[in-house]
Each structure stands twice: as structure tokens, then as C-alpha cells.
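Line by line, the protein sequences give chains A and B.
Every letter in the first sequence is one number past the one before it in the UniProt record's numbering, and letter 201, counting from 1, is 201.
Every letter in the second sequence is one number past the one before it in the UniProt record's numbering, and letter 311, counting from 1, is 311.
FYI, nobody ran anything at the bench for these hints, they're computed from the structure.
Watch out, some of these pointers could steer you wrong.
[Unchecked claim] Within a straight-line C-alpha distance of at most 27 Å, the following computed DSSO-like cross-link-like pairs (lysine-lysine) qualify:
(1) 91(B) <-> 289(A)
(2) 87(A) <-> 289(B)
(3) 130(A) <-> 79(B)
(4) 79(B) <-> 319(A)
(5) 319(A) <-> 319(B)
(6) 289(A) <-> 233(B)
(7) 79(B) <-> 291(A)
(8) 289(B) <-> 130(A)
(9) 291(A) <-> 91(B)
(10) 319(A) <-> 320(B)
(11) 87(A) <-> 291(B)
2 protein chains.
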Amino acid sequence: MTTVTLGIDVGGTNTKIGFVDKHGRCLASKSIPTGADEPFSNFLSNVFTTVDQLKEEAGEVDMVAVGIGAPNANYYNGKIEEAVNLKGWGKEVAIADLMEEHFKVPVAITNDANAAALGEMKFGVAQGMKNFVVVTLGTGLGSGIIVNGDLLYGHDGFAGELGHINVVEGGRLCGCGRRGCLETYVSATGIKRTMFELLADSNGTSSLANKNFDELTAKDIFDAAEEGDELAKEAFDVTGEILGKALADTIAIFSPEAIVLFGGLASAGSYITEPTRSAMEENCLHIFKGKTRLVVSNLEGDNTAILGSSALAWQEYEKKQVNA
Amino acid sequence: MTTVTLGIDVGGTNTKIGFVDKHGRCLASKSIPTGADEPFSNFLSNVFTTVDQLKEEAGEVDMVAVGIGAPNANYYNGKIEEAVNLKGWGKEVAIADLMEEHFKVPVAITNDANAAALGEMKFGVAQGMKNFVVVTLGTGLGSGIIVNGDLLYGHDGFAGELGHINVVEGGRLCGCGRRGCLETYVSATGIKRTMFELLADSNGTSSLANKNFDELTAKDIFDAAEEGDELAKEAFDVTGEILGKALADTIAIFSPEAIVLFGGLASAGSYITEPTRSAMEENCLHIFKGKTRLVVSNLEGDNTAILGSSALAWQEYEKKQVNA
Numbered sequence: 001m002t003t004v005t006l007g008i009d010v011g012g013t014n015t016k017i018g019f020v021d022k023h024g025r026c027l028a029s030k031s032i033p034t035g036a037d038e039p040f041s042n043f044l045s046n047v048f049t050t051v052d053q054l055k056e057e058a059g060e061v062d063m064v065a066v067g068i069g070a071p072n073a074n075y076y077n078g079k080i081e082e083a084v085n086l087k088g089w090g091k092e093v094a095i096a097d098l099m100e101e102h103f104k105v106p107v108a109i110t111n112d113a114n115a116a117a118l119g120e121m122k123f124g125v126a127q128g129m130k131n132f133v134v135v136t137l138g139t140g141l142g143s144g145i146i147v148n149g150d151l152l153y154g155h156d157g158f159a160g161e162l163g164h165i166n167v168v169e170g171g172r173l174c175g176c177g178r179r180g181c182l183e184t185y186v187s188a189t190g191i192k193r194t195m196f197e198l199l200a201d202s203n204g205t206s207s208l209a210n211k212n213f214d215e216l217t218a219k220d221i222f223d224a225a226e227e228g229d230e231l232a233k234e235a236f237d238v239t240g241e242i243l244g245k246a247l248a249d250t251i252a253i254f255s256p257e258a259i260v261l262f263g264g265l266a267s268a269g270s271y272i273t274e275p276t277r278s279a280m281e282e283n284c285l286h287i288f289k290g291k292t293r294l295v296v297s298n299l300e301g302d303n304t305a306i307l308g309s310s311a312l313a314w315q316e317y318e319k320k321q322v323n324a
Numbered sequence: 001m002t003t004v005t006l007g008i009d010v011g012g013t014n015t016k017i018g019f020v021d022k023h024g025r026c027l028a029s030k031s032i033p034t035g036a037d038e039p040f041s042n043f044l045s046n047v048f049t050t051v052d053q054l055k056e057e058a059g060e061v062d063m064v065a066v067g068i069g070a071p072n073a074n075y076y077n078g079k080i081e082e083a084v085n086l087k088g089w090g091k092e093v094a095i096a097d098l099m100e101e102h103f104k105v106p107v108a109i110t111n112d113a114n115a116a117a118l119g120e121m122k123f124g125v126a127q128g129m130k131n132f133v134v135v136t137l138g139t140g141l142g143s144g145i146i147v148n149g150d151l152l153y154g155h156d157g158f159a160g161e162l163g164h165i166n167v168v169e170g171g172r173l174c175g176c177g178r179r180g181c182l183e184t185y186v187s188a189t190g191i192k193r194t195m196f197e198l199l200a201d202s203n204g205t206s207s208l209a210n211k212n213f214d215e216l217t218a219k220d221i222f223d224a225a226e227e228g229d230e231l232a233k234e235a236f237d238v239t240g241e242i243l244g245k246a247l248a249d250t251i252a253i254f255s256p257e258a259i260v261l262f263g264g265l266a267s268a269g270s271y272i273t274e275p276t277r278s279a280m281e282e283n284c285l286h287i288f289k290g291k292t293r294l295v296v297s298n299l300e301g302d303n304t305a306i307l308g309s310s311a312l313a314w315q316e317y318e319k320k321q322v323n324a
């Protein structure tokens, strides 16, 4: 009988579910459609059926807790609240309570960036750290901030929105309706916008001049940089410089041991880390210079999001053991 | 026998010392010269002598802990490190250890903004709060950030430098050597610099046109505003707008229950709070709008800094009681 937690990562399109042991081994996992336009009850029964299947696959497991990473997840009340990508689910769903009723074990939820931070602390590059920041670079920019070994949730459970700090006064239009937010520059979408600005400025002297806005991806920009495209490299430099400056401010606020880059854009390696590190150090307040490490997540593969969610479950389980 | 803590606030010029009971009553206090250019041993023996005098004055007290607020104070190791305003004391002084040796009670140190935050939590407007931010508006801008009821210290003990986040790219020269730091705009010095920019822009159409840079104070600008000087009012508006925008970002990061303004500039009342609140709400990410209160400290008078330092002592004392 292996003790495991269940990690669930709810995405706008697919939901990943898996059993994870205390060493971060994923014993069985599956991806199911989220069904964001259908009633929430469909999602629930799909999850329950899937967990039964996974139990058969994983063999003898003792599932002691469930962790869920989801957009607009409120750790405090266990609800997903007003998630724009989960329209069919309505204004809010008490996902933690409903799962707890079914599984009869503790269930906790948080957003995906927070889950990523817990995943890094339990299984990844931040093992042993008590103060660090994880920046997730996907379609947008998310952050999970660990203070004294615990996630920063704030008063209402939604703290840690580094993607929406202002970095350019009157800058790019953001999905949040405001202008100049960090994620409009630093994210897969952000670097694409930067690439288009550079194409405009240089009158299209790049191998990417044949891509339209809808089809261009951050991966295309990376591939072009690998093939020596100077403008693609410059797009990474511009992105890294803006990120590095924002991280210098983040360091002044949190004085973290490390900042961990996570997600698609982070896998571009030194194209993104070098300009970021350089701008971060250059713009750092003198008392913090050289103190905070910039590292890339070492959690890889399809099950990374499951690991993060399961880390939340492990944390809740361990807290309950201590208090028991 | 009244149980008290000793609060010590070390300033560049003067040091305030006093006994504070658990209700925040200051039973006896005194201000002594810090002697920042003399050896640290002089300061220590002055403090010891003063405490003996205060004991006579306060009557029967049981001093259970000491809290010290000081520039560049490191909570973790109890040292004041490389404080530019305390040159005679050398590179670092182990002030907590040396005091502990003498007083035979727990001694803790932190910087003055952190002490202010603890003071607000124990005795002031933040009683009962677990997530809030105190912004101290003095010569510079300091911040004390409370997360889950504890001060945010970060990895090295120096977290919470909101005064040095960048708010204007290539902006005003800061004492830290960089440009555009928040405190170059939002502080007693910052509003004076703004006033001079406005005087330049308006060709001196203000009652403050007869003051030179060295003599103009934030108090002068407040007095001029009170007398209807439009440019002085505008200086407050500009200051509040920059502060409010920075606080909108602070809310996105911390989602605090309240932001508490503290110190000289905060006492300008609605001249500073109204433009600040307005810019804060306007620039807030939608999910945080209307959630964070902006309040002014209600701790007043000569002993405010002593209260903050003593709150640190009370916190340490209570932690020890819980763990005993």
C-alpha cells in the first residue's frame, strides 16, 4: 500500500489528474477534457470516474489528500470564483467541499502558479528554501510567492499577481483592461507582441516576417533565435530586460533566496535567463546585489502541473499530521 | 509590579528609550543623543544609565524584553549592519547580543518601518489584522509588511524596501545611487523636489517661490496648501498619484487588508490621502478593487517610535511564552 496524494490541474481545455507519492513519483495519471462550457457536475463525475480508473492502474494506493490547481482558486474558501475560462461553471463552485464529500480526505485548492511554487519547494529546485518566488511564463505571467515556507495568500486568498504590476506607464493593453502590465511584455504572448514591434521597427528584416500575428508562437521565436535570427534574439533580450527590472523590484520587496522561472518561455534557456539575470543584477538595490539566485525549474514533462497540485495536498496532509 | 518591555528607537541624531506596558502605555521615556560619530560603547553605556534612571521614574516594573528599531537592523542576527548614518559604530555592531548580556532578557531588533508595522498591529489601527502594509513617509519612504501576522523579513532579514522600487524609468536620482525610486517622489524630500519642479514649470506662481531648496520643508508645503496655494496642493496631488499607483501594485502582490500611512507626510490628512486613494483604486486590478483600506496611523506623539520598538519586544516575549 503506497501512500499517495491526488493532484488535479484544472486548465481551460484539459484537466490533468494523477497520484503522486511523497518522492514526487507520479504512479498513474490521465488527462480529461475540462468541459468548461458544460455544467460543473459533469466535470465532477468525470473526475470521480477517472480516479477510479487510476486506482486500478496504480495498484494498492492509500490516497490521503487531494490538491487542486485551478484558475481563480481561493485557498481560503475552497471555491473557484468568477473564472473567465470556466464559463459553464457559473459564478463560483465549491470544488473543495464537493470533492471532500466524495473522497472523504482533505481537499485544498490554489491557483496554478501557487501550485507550481509548492511543487518546486517539495520536489524541485526550491527544496529546502523558505523564501522564494516562482514566476510562471505561459500565455500570461503568474507568480507563487513563498514567505517563511508558506504561500503568500493575502487577506482574500488572491495575492501574488506579479503579472499585473505596472511596468510601462500607458503601455500595452492587458487582458485585465489596464495598460502596461508585466504580462503584456513578459509571457508567450508578450514576446510575440515584442517581436511584432521589432518587425515594425526594422521593416521586417527577420525570418519571422512571413508569419502573421495569429500563427506566430514563442516557440517560433525561439527556433528563429536558434537559427541565428538577430531580431528574434533581440525579442528575448527586450523581454528579459523588462523581466529583470521587475525582478529587481521583487527582490527589494521580498529579499528571496531564489527566483524560479517556470513554464514554456523559461525553457528557452539562456536566451531568456541571461538578459533577465543581467537586468536584475544591474537594477538591484545595492544591499541585495548578488544575493538572489535566478534559476529555471527542473520539473519537466507532462506531469509537472500534477506534481504542483499534489504538493499542495502533501502540505495540507503534513499540516494535519503535525496538528493531530 | 507592572510588566513592561523596553522600546528603543535609534535615530541618526537622537535615540528614544521608554518602558511600555501591554496596553501601549508609555510609563517613562527619555531621548538621548545617539552619538553616531562616537564609539558604540559610549552609546551602550548611555542606554544602560538611562534605563536605570527610567526605572526610578517608572516605579516598580518588571522588564521582560527589549525591542530596538534602528537603521539597517538585521532581525536574524541581531546586528546593525553598514548603517550610513551611524558611521562611528563601524561596519557592524552586535547590538542585540550586547544588550541581552547586560539586561538578561530577550532583545530583538528590526528597522524602524518594521517596528512601526508591529506597533500598528499591537497598539494602533491594524489591531486584529494579519495581512497589511505600513508605509512610513519621513525623509525617505520605508515599509513594514505583515504577512500572516508576521513581519516579512525575507531570506536575509532586509525585505520590505518599497521605497526603492522603480516608479519612473530614468527618473530622479536616489540616495541609493539609482534613478526613479519611489522614495524620490513620495517622502518629505520627494514632495519638496516635486514642488521645485512645479515652481520651475509654473515660473514660480506660488507663495513658496521665496524659499530656497535647503530651507523648504514638507511642512511649508502643507501650510501653503492650507492657505490655498494651488501649486502646493498640486504637489500633494502629484505625490499622492505616484504613491497610489505604487500601492495598486502593492495590492496586486500582497492583497492586504489595509495599507497604513505613517509619519510626517501622512499627517497632511486628505491632501495626501485623497489623491493616493483615488489613484490606488483607479489603478487596482479589478479583483482587488474596493478590498484594501487606506488608513492613516492613529499613533501620535513623541513616543510613537518607542511603541513600535516595544511592540517588537512584546511579540518576542509572547512567542517565548507560547513555546515555553
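These are the hints, each one checked on the structure:
no.	hint	in the structure
1	91(B) <-> 289(A)	18 Å, holds
2	87(A) <-> 289(B)	22 Å, holds
3	130(A) <-> 79(B)	21 Å, holds
4	79(B) <-> 319(A)	33 Å, violated
5	319(A) <-> 319(B)	20 Å, holds
6	289(A) <-> 233(B)	38 Å, violated
7	79(B) <-> 291(A)	18 Å, holds
8	289(B) <-> 130(A)	30 Å, violated
9	291(A) <-> 91(B)	19 Å, holds
10	319(A) <-> 320(B)	22 Å, holds
11	87(A) <-> 291(B)	24 Å, holds
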